[in-house]
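Participant: Residue numbers (my numbering), protein chains in the order written: chain A, 1 to 329; chain B, 1 to 450; chain C, 1 to 290.
Hints are computed from structural coordinates only; laboratory data are not their basis.
Note that beta-carbon positions come from the ideal geometry of N, C-alpha and C, so glycine has one too.
Accuracy of the hints is not assured; some may be wrong.
Here are some chain A residues the structure puts well away from chain C; computed CB gaps all over 12 Å [stated by the list, open to error]: (1) Glu176; (2) Trp233; (3) Arg319.
If you anchor each label on the Cβ, the simulated ranges turn out as follows [stated by the list, open to error]: (4) B/Lys181 / C/Ser72: 40 to 48 Å; (5) B/Gly291 / C/Ser72: 23 to 31 Å; (6) B/Glu76 / C/Gly115: 58 to 66 Å; (7) C/Ser72 / B/Leu81: 28 to 36 Å; (8) B/Gln199 / A/Thr92: 35 to 43 Å; (9) B/Ala436 / A/Leu169: 34 to 42 Å.
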Amino acid sequence: MALTTAHQSAGAEANSATSGRPARKPRESGRLRRQEGRAGYVFLSPWLLGLMAITAFPMLFSLYLSFTNYDVLASWDQVEWVGLDNYQRMFTEDPSYWHAVRVTLTYALIAVPLKLAAALGVALLLNRERRGVGLFRSLFYLPSLLGGSVALALVWRAMFSGDGAFNDLLSLFGIEGAPWVNDPTWALETLMVLAVWQFGAPMVIFLAGLKQVPTDLYEAAAVDGAGKFRQFWNITLPMLSPVIFFNLVLETINGFQGFTSAFVISNGTGGPVYSTLLYTLHIYNEGFTEFRMGYASALSWVFLIAIGLITVVFFSTGRFWVHYSDGEN
Amino acid sequence: MHPATPPTAGMPAVPVHRTPVPRRRLFRGLIAAAVALPLAFGTAACGDDESSSDPNAPVTIEFFWWGGESRAKATEEALKLYTSKHPNVTITPTWQAFDGYYDKLATISAGGNAPDIFQIDDNNLTDYASRRVTLDLTDLVKDGKIDLSKHHAELTKYGQVDGKQVAIASGENTPAIVYDKTKLAELGVSEPQEGWSYQQYFDWAAQVTQKGGGKYWGTMDISSDYKALWLWLRTQGKEFYNGKQLGFTEADLVTWFKLWQEARTKGATPPADIVHEAVTGSVSTQLVVTGKAAVSFMWSNQLSELQKATKNELAMLPYPGDVKGQWPRASLYWAGSRTTEHPEVVADIINFLVNDPEAAKILGTDRGLPANLDVRETLEADISDNSMKATFAFENGLASKFGAAPPVPPKGHNGLRNKLRDIAESVTYGKATPEAAAKQFFAEASAALA
Amino acid sequence: MAVQAATVTGRGSSGALRGVVRIVILVAILGFVLYPLLWMLGSSLKSPTEVASNLSVLPTEPTWANYPDGWSYIDGISFGRFFLNSTVIALATVVANAVSCLVAAFAFARLHFRGRKVWFAIMIATLLLPSHVLIIPQYVMFNYFGWVDTPLPLIVPRLLATEAFFVFLMVQFMRGIPRELDHAAKIDGCSPYGVFRYVILPLSRPALVTTAIFSFIWTWNDFFTQLVYLPSPTSYTVPIGLRLFIDSTGQTSLGPMFAMSALSLLPVFLFFLAFQRLLVQGINTSGLKG
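Based on the provided sequences and hints, a complete structural model is requested.
Facilitator: Spelled out as structure tokens, the structure:
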């Protein structure tokens with residue numbers, strides 16, 4: 001869902017600074033200003049209501065639930081306050097929890113860099129091309145539109161089964177493949193391939209970023225005798241670093257939120273042997289198949305805090321390696 | 001998501017008819033929720049209803065079950081027969097495939113709108129009863145509104161939770177192995193025998209694998225299935241549950257895992273990934289259907305469904321091990337909703353479905369053998385269908401050998417059996433030793449059953 | 001631009017060779033990208049016996065039979081119902097998103113009022129909020145309203161501009177509309193409502209179209225929320241209907257599964273064909289420029 005959200009948000013920060021400048025004339029009367037202030041809240045009211053009712057209240061409610069044993073079937077008078085039990089259970093008595101943490105981290109740490117590397121690589125190749133760029137760009141982008149669907153996950157499941165098309169392909173080269181999705185060693189890797197396959201969206205963003213790198217920088221570097229690699233390292237990467245940063249934040253958060261492919265490929269179990277038990281799948285199973293909603297709320301809150309921390313880490317380390325051209329550079 | 005082995009859960013068949021959910025409480029408003037959510041809702045829907053004193057007042061009953069199309073046809077027909085005899089009663093039937101059934105039941109129950117009558121199985125009964133979703137039928141049985149005098153006593157007992165009659169068995173079935181007669185004849189291997197120990201059974205299965213020539217195996221690996229483990233425990237005088245705790249020890253579980261470990265080394269079972277494909281229990285993925293193994297572990301009333309999915313001739317036997325481990329199990333139950341406005345009508349309909357000979361004839365053995373023994377006898381004399389006959393023969397053959405029925409599995413069982421599936425698979429895949437796996441299961445169990 | 005830079009260093013035959021190598025690599029990547037889609041299409045045209053034995057893309061004897069088979073694969077309910085449900089939900093979402101996000105974006109982009117910066121920062125924060133965190137309490141809440149098993153939990157939040165991405169996209173877009181137009185309108189006596197009605201609304205059409213397209217595609221592909229809120233088969237959407245194929249890997253169901261999968265992607269693919277430039281731009285405009 002939040003396919004393209006993060007890089008925009010990062011862009012937003014840059015923008016909100018500039019848009020804060022009031023364009024209003026000082027002579028404007030107080031009455032008009034008040035009218036505009038009122039109108040502002042009128043226009044904002046649906047969003048504000050949504051923020052309160054659909055986001056803020058549920059968050060607080062979920063925090064409350066995380067300290068209870070609430071399950072869907074029980075009536076409210078059966079709900080008990082259990083203190084930190086849910087959190088304690090998570091860290092000490094739920095082995096699946098640690099499987100979920102490990103699987104999710106592995107998935108995000110490997111799939112996200114691979115996907116970004118693929119996106120950047122292809123963008124660099126395309127950037128050099130004169131003809132057919134539009135066509136290539138569109139076709140490479142297609143999987144990003146389709147890849148999150150149940151249909152593609154079903155196709156992946158069929159392609160990467162023991163007697164699926166991928167092994168058929170391998171057998172042409174005399175290789176006997178594994179049962180991929182039914183093999184705990186390979187099932188998660190299969191999901192990663194599906195993620196990398198959707199490199200199109202970050203690629204499009206990289207391409208646009210590359211177009212904004214001033215060509216005279218390369219020319220100057222070439223005159224100085226810098227080789228291709230040096231140019232890439234000293235010019236392209238720094239110039240592109242804001243875009244890389246946006247893509248990284250975006251894709252990491254997306255990576256942590258993967259659900260559909262793991263659900264479909266493991267038939268909702270996170271198997272074989274927990275190998276595809278993404279954190280979100282664990283939340284879903286605890287909350288909606290076991291109906292331990294209190295526990296699932298606790299899981300959600302820890303998830304939220306973890307993602308919050310990761311975002312903070314990104315933004316606080318970002319200033320050491322992200323170069324904004326209108327800033328210090 | 002439902003790796004369950006539902007009794008007779010059909011192919012991804014499905015659904016339909018009107019939703020039994022009554023008037024939604026639409027538009028209570030987001031604000032109302034923000035102010036006062038966590039308070040008293042669940043039961044607000046119902047109150048005392050004076051109309052129940054008038055036996056001829058019009059009554060509408062919602063009725064919900066899962067299954068395939070043939071079950072739907074029979075059930076609807078039986079319900080029509082009831083309404084033709086009780087014109088003041090209108091029944092709204094709703095059915096769907098097993099997939100998602102419990103999601104929906106939980107959802108509507110949570111809103112205090114559980115259907116007046118619904119189908120449930122022993123994996124979920126205690127969960128629903130202990131959360132007070134089900135109607136307590138004890139007094140209705142005592143008053144004779146539901147007549148259980150002719151019912152198999154063990155089946156009646158298997159519908160009780162904490163001393164209350166919370167559900168009425170709609171049929172009886174038993175776990176069974178289903179084997180491929182045609183293929184065995186082709187391979188020149190004799191058929192398996194009732195009463196074999198697991199050792200004998202594995203030796204036989206290894207022989208099948210050997211003759212199968214590489215891509216065909218003797219038996220499904222059922223080490224991850226709670227009922228196989230349960231039956232095996234019972235042959236040793238133990239139980240899966242003892243009240244709200246496990247009735248066996250970590251050492252027992254290690255022995256069980258090692259038993260299957262041996263079968264694996266002997267070559268009796270297929271590689272883990274092939275076992276994994278069939279572990280969901282759905283008919284179309286069973287190894288006797290996909291032609292990868294000679295034996296699948298199913299329910300006695302699923303024979304006809306499996307038979308429809310393959311050209312080879314199938315036959316049925318009890319699980320390996322002493323038959324006394326088996327018990328007359330309620331395949332499915334009828335339960336009422338605690339929030340129903342018409343408990344007596346609910347009782348009367350359930351009574352009709354389980355005791356009326358005509359209704360029994362319509363329903364056949366789709367939900368297992370009738371619980372009422374008189375009705376069972378009449379039905380047996382009446383039927384012509386071959387698969388129904390086979391089910392009868394199978395259950396009758398076991399009747400005298402059954403052990404006593406255990407109590408219904410406790411609250412938390414449904415989650416725990418999924419844990420067993422996942423943990424046992426880690427042994428199958430060689431990712432954990434039997435000892436480590438057993439230890440993990442016991443850790444999970446204490447949390448799941450708490 | 002960058003192209004010229006590249007050619008500064010390598011001209012002549014080695015440069016031409018490099019160009020050929022590049023094309024070959026790009027085409028190879030294209031093969032990797034398109035293969036699963038083509039394989040799905042090809043497999044949807046294979047007969048039940050062929051689908052298990054022939055694993056290549058092309059069917060030897062193409063047949064359409066899987067399409068009608070898949071359409072009525074589920075006893076008693078057809079995929080038509082799922083498509084109808086999906087369409088209704090997707091279209092409602094499109095309208096809800098377009099209206100509510102436009103209104104909110106106008107406030108953020110064009111009006112001055114106390115607390116605007118704080119609200120804007122909060123809006124940006126909600127962009128990063130994972131939906132899985134809210135699903136349990138929202139579910140409890142909607143269940144309390146009796147909304148589960150209706151499309152309401154999927155549509156009502158959209159009416160309240162909870163899809164922050166689109167609010168943000170439109171804010172970015174509106175910032176590109178010259179402020180002089182607002183001033184002119186104000187001088188003509190327009191209130192903020194008038195400015196919205198006569199200036200911003202007509203000029204925001206491209207942003208609305210982008211929002212509509214992405215709303216449709218994302219809702220069409222969405223699985224998680226629909227899985228949670230639509231438990232009855234009669235209210236299933238296409239992705240949830242497709243899920244019923246998960247548990248049946250028998251030969252007989254593979255063909256219909258591919259057929260329905262292909263069919264489910266068709267609307268998205270048509271959108272892609274019709275609006276590919278807009279889609280690609282939509283990704284860019286909101287983030288990098290603006």
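Participant: Next, verify each hint and record whether it holds.
Facilitator: Okay, the hints, checked on the actual structure:
Annotated as non-interface, glutamate 176 of chain A keeps its C-beta farther than 12 Å from every C-beta of chain C; the closest such distance is 15 Å. With a closest Cβ-Cβ approach of about 15 Å to chain C, tryptophan 233 of chain A is found to remain outside the 12 Å limit, as its non-interface label requires. Distance to chain C confirms arginine 319 of chain A as a non-interface residue, since its nearest Cβ pair spans about 18 Å, more than 12 Å. Checked against the given bound of 40 to 48 Å, the beta carbons of lysine 181 of chain B and serine 72 of chain C, roughly 33 Å apart, lie outside it.
Against the hinted window of 23 to 31 Å, the Cβ-Cβ separation of glycine 291 of chain B and serine 72 of chain C comes to about 26 Å, which satisfies the hint. Take glutamate 76 of chain B and glycine 115 of chain C: their Cβ atoms lie about 60 Å apart, and the range 58 to 66 Å holds. The hint said 28 to 36 Å for the Cβ distance between serine 72 of chain C and leucine 81 of chain B, and at roughly 29 Å that hint holds. Taking the beta carbon of each, glutamine 199 of chain B and threonine 92 of chain A are about 39 Å apart, inside 35 to 43 Å as hinted.
Evaluation of the 34 to 42 Å hint for alanine 436 of chain B and leucine 169 of chain A yields a pass: the beta carbon distance comes to about 37 Å.
Going down the numbered hints, you'll see the structure goes against just number 4.
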